[in-house]
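Residue numbers (numbering that gives the first Met the number 0), protein chains in the order written: chain A, 0 to 225; chain B, 0 to 272.
Read the hints as simulated data drawn from the structure, not as lab findings.
Where hints are given, some of them may not hold.
Unchecked claim - Straight-line C-alpha distance at most 27 Å; calculated BS3-like pairs for lysine-lysine: (1) Lys68/A / Lys269/B; (2) Lys13/A / Lys102/B; (3) Lys25/A / Lys68/A; (4) Lys102/B / Lys1/B; (5) Lys269/B / Lys13/A; (6) Lys68/A / Lys1/B; (7) Lys2/B / Lys117/A; (8) Lys12/B / Lys1/B; (9) Lys102/B / Lys7/A; (10) Lys68/A / Lys2/B; (11) Lys102/B / Lys117/A; (12) Lys111/A / Lys156/A; (13) Lys102/B / Lys123/A; (14) Lys12/B / Lys117/A; (15) Lys156/A / Lys102/B; (16) Lys156/A / Lys25/A; (17) Lys25/A / Lys213/A; (18) Lys36/B / Lys156/B; (19) Lys16/B / Lys117/A; (20) Lys111/A / Lys123/A; (21) Lys205/B / Lys7/A; (22) Lys111/A / Lys102/B; (23) Lys269/B / Lys7/A; (24) Lys16/B / Lys1/B; (25) Lys13/A / Lys205/B.
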Amino acid sequence: MLEVHGLKKRFGRKRPVLNGVSFSIKPDTLTCLIGLNGEGKSTILKGIVGLIPMDAGSIIVDGTTSREKIAFVPDVQTMPSYMTIGDALTYMNDYYSDWNEQTADELMATFKLLSTDKINELSKGNQAKVNLLLGFALDRPYLLLDEPFAGIDLFTKEQIAWIFSSHYMEGRGILMTTHEIVEVEHLIDRVIFLQDGQIIDEHDTEEMREIHGKSVQDRMREVYQR
Amino acid sequence: MKKYLMLTNEEIKRSSKLYLIVVGALIVLELLSVVVKTMLYERSIETFMRMNQASELEAVNSYGTFSFAAATSIFDYIMMIGVAYIVVLALQIWYREWIGESKHIYRLLLLPGSRASIYFAKLTTVLLATVSLIGLQWLTVVASYGLFDWLLPESHKFPTGLIKSGSLLQVFYSMNIEDVFILLMMSCAVINLLFFIVLIERTFRKSRAMIQLIAEAMILILPFGLVMYITEGPLSGLLLRVEYVTLYLVLLSIGFFYIGFRSIRLVQNKLSV
Numbered sequence: 000m001l002e003v004h005g006l007k008k009r010f011g012r013k014r015p016v017l018n019g020v021s022f023s024i025k026p027d028t029l030t031c032l033i034g035l036n037g038e039g040k041s042t043i044l045k046g047i048v049g050l051i052p053m054d055a056g057s058i059i060v061d062g063t064t065s066r067e068k069i070a071f072v073p074d075v076q077t078m079p080s081y082m083t084i085g086d087a088l089t090y091m092n093d094y095y096s097d098w099n100e101q102t103a104d105e106l107m108a109t110f111k112l113l114s115t116d117k118i119n120e121l122s123k124g125n126q127a128k129v130n131l132l133l134g135f136a137l138d139r140p141y142l143l144l145d146e147p148f149a150g151i152d153l154f155t156k157e158q159i160a161w162i163f164s165s166h167y168m169e170g171r172g173i174l175m176t177t178h179e180i181v182e183v184e185h186l187i188d189r190v191i192f193l194q195d196g197q198i199i200d201e202h203d204t205e206e207m208r209e210i211h212g213k214s215v216q217d218r219m220r221e222v223y224q225r
Numbered sequence: 000m001k002k003y004l005m006l007t008n009e010e011i012k013r014s015s016k017l018y019l020i021v022v023g024a025l026i027v028l029e030l031l032s033v034v035v036k037t038m039l040y041e042r043s044i045e046t047f048m049r050m051n052q053a054s055e056l057e058a059v060n061s062y063g064t065f066s067f068a069a070a071t072s073i074f075d076y077i078m079m080i081g082v083a084y085i086v087v088l089a090l091q092i093w094y095r096e097w098i099g100e101s102k103h104i105y106r107l108l109l110l111p112g113s114r115a116s117i118y119f120a121k122l123t124t125v126l127l128a129t130v131s132l133i134g135l136q137w138l139t140v141v142a143s144y145g146l147f148d149w150l151l152p153e154s155h156k157f158p159t160g161l162i163k164s165g166s167l168l169q170v171f172y173s174m175n176i177e178d179v180f181i182l183l184m185m186s187c188a189v190i191n192l193l194f195f196i197v198l199i200e201r202t203f204r205k206s207r208a209m210i211q212l213i214a215e216a217m218i219l220i221l222p223f224g225l226v227m228y229i230t231e232g233p234l235s236g237l238l239l240r241v242e243y244v245t246l247y248l249v250l251l252s253i254g255f256f257y258i259g260f261r262s263i264r265l266v267q268n269k270l271s272v
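Please take these sequences and the hints and turn them into a complete structure.
Next comes the structure, spelled out in structure tokens:
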């Protein structure tokens with residue numbers, strides 16, 4: 000289990016972005032972290048993987064503080080600008096002992112990506128696919144995805160959403176931030192609503208549908224239109 | 000170690016294109032300047048002979064011989080461009096990770112193993128660029144001398160060594176191993192300092208970065224000021240010159256290691272996307 004305890008973060012003298020956020024991610028579940036822009040969703044993910052130092056709080060992954068079991072898929076292109084997709088796969092293979100070449104090859108074929116294509120010259124949708132590939136091809140039990148659907152067309156969203164129902168999800172605990180949950184709503188196991196740096200609501204989606212009689216999308220509207 | 004070597008290889012690959020263009024342009028510029036200056040001198044001699052109906056010997060006697068130092072007089076300025084390029088490289092090698100379409104800093108900070116490798120890989124790359132720039136410039140001076148020798152008749156030459164005394168080149172092309180070592184140490188210290196400033200700027204927000212920079216500058220300057228005050232004041236004349244030099248060298252070394260230590264700590268614990 001990935002446990003997040005009391006995360007706090009303030010940038011400069013502004014109000015705190017995170018004010019004691021705690022939750023946990025179980026294996027084999029897809030958890031969606033929902034919040035308006037600037038509520039600190041990405042900050043939480045970056046804090047968990049150590050890309051942004053937190054002011055307070057701790058991250059426990061299966062009983063240890065090591066973050067080697069977490070893979071992170073950011074919402075930006077992270078490979079040097081000169082690299083082709085093939086270069087990026089070689090790069091990952093060189094640095095990561097848990098890089099799974101077979102998964103990478105399968106996803107390349109599924110997403111119809113060419114290893115000779117330069118990543119920076121790809122469309123936003125294909126860059127998002129490359130990012131997902133680089134995350135999913137790491138054999139890690141926890142995967143954090145930052146806005147995987149941001150700024151891409153409906154067809155590409157559906158292609159990407161396919162991965163969440165595929166065997167690549169098996170056994171993995173996934174935490175995803177997104178505003179666009181329509182395409183994946185039926186796959187989400189748990190939702191966490193974030194506001195003013197705190198968790199204001201947290202539910203299993205089934206339980207939420209039973210208690211509130213609403214879909215995640217409708218519940219989201221209700222929470223943020225208060 | 001493997002991570003450090005791979006990152007260094009990656010940094011060299013990413014920097015080599017621009018490096019080769021800049022250094023190549025500098026070398027071509029230097030060789031061209033020698034050719035142009037030598038030919039201009041030769042044309043002046045010919046013009047003198049034609050205008051004054053003078054013999055070659057009379058023209059050379061009247062106009063003066065031409066030295067290699069005169070042929071390479073703009074090398075100092077070209078070398079300054081090389082030094083400026085190294086400074087730009089030391090800044091660019093960090094900033095390119097954040098700025099541009101690709102945010103490679105995410106990937107770098109997430110790589111398995113110690114983050115100190117990132118710092119050392121970048122430091123090694125800039126140091127290698129510095130050393131090879133000096134080496135290539137040294138070869139260019141030798142090649143320029145060959146060119147000068149080939150273009151100019153013996154009787155037109157003013158006999159001097161390769162490097163004019165007092166020239167900037169003298170600092171860069173010393174054949175004394177101690178001077179080379181000191182030059183490399185100084186280069187390393189300057190690059191280290193530039194890295195430290197960049198890392199503070201990237202780690203802290205605007206006003207906090209300024210405060211941090213001032214505080215770090217105070218920490219670095221205060222011991223020098225204190226030692227200077229004591230040795231020039233109450234203990235004036237107590238130490239031998241060699242002891243003064245040793246004292247300042249020790250202080251410089253401590254400052255150098257402090258900056259390195261702080262930079263690595265920033266990369267490991269504070270640096271963010």
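Hints, one by one, checked against the model:
no., hint, result
1, Lys68/A / Lys269/B, "holds, 21 Å"
2, Lys13/A / Lys102/B, "holds, 25 Å"
3, Lys25/A / Lys68/A, "holds, 13 Å"
4, Lys102/B / Lys1/B, "holds, 23 Å"
5, Lys269/B / Lys13/A, "holds, 19 Å"
6, Lys68/A / Lys1/B, "holds, 21 Å"
7, Lys2/B / Lys117/A, "holds, 24 Å"
8, Lys12/B / Lys1/B, "holds, 17 Å"
9, Lys102/B / Lys7/A, "holds, 25 Å"
10, Lys68/A / Lys2/B, "holds, 19 Å"
11, Lys102/B / Lys117/A, "holds, 15 Å"
12, Lys111/A / Lys156/A, "holds, 15 Å"
13, Lys102/B / Lys123/A, "holds, 15 Å"
14, Lys12/B / Lys117/A, "holds, 16 Å"
15, Lys156/A / Lys102/B, "holds, 23 Å"
16, Lys156/A / Lys25/A, "holds, 25 Å"
17, Lys25/A / Lys213/A, "holds, 24 Å"
18, Lys36/B / Lys156/B, "holds, 13 Å"
19, Lys16/B / Lys117/A, "holds, 18 Å"
20, Lys111/A / Lys123/A, "holds, 15 Å"
21, Lys205/B / Lys7/A, "holds, 21 Å"
22, Lys111/A / Lys102/B, "holds, 24 Å"
23, Lys269/B / Lys7/A, "holds, 15 Å"
24, Lys16/B / Lys1/B, "holds, 24 Å"
25, Lys13/A / Lys205/B, "holds, 14 Å"
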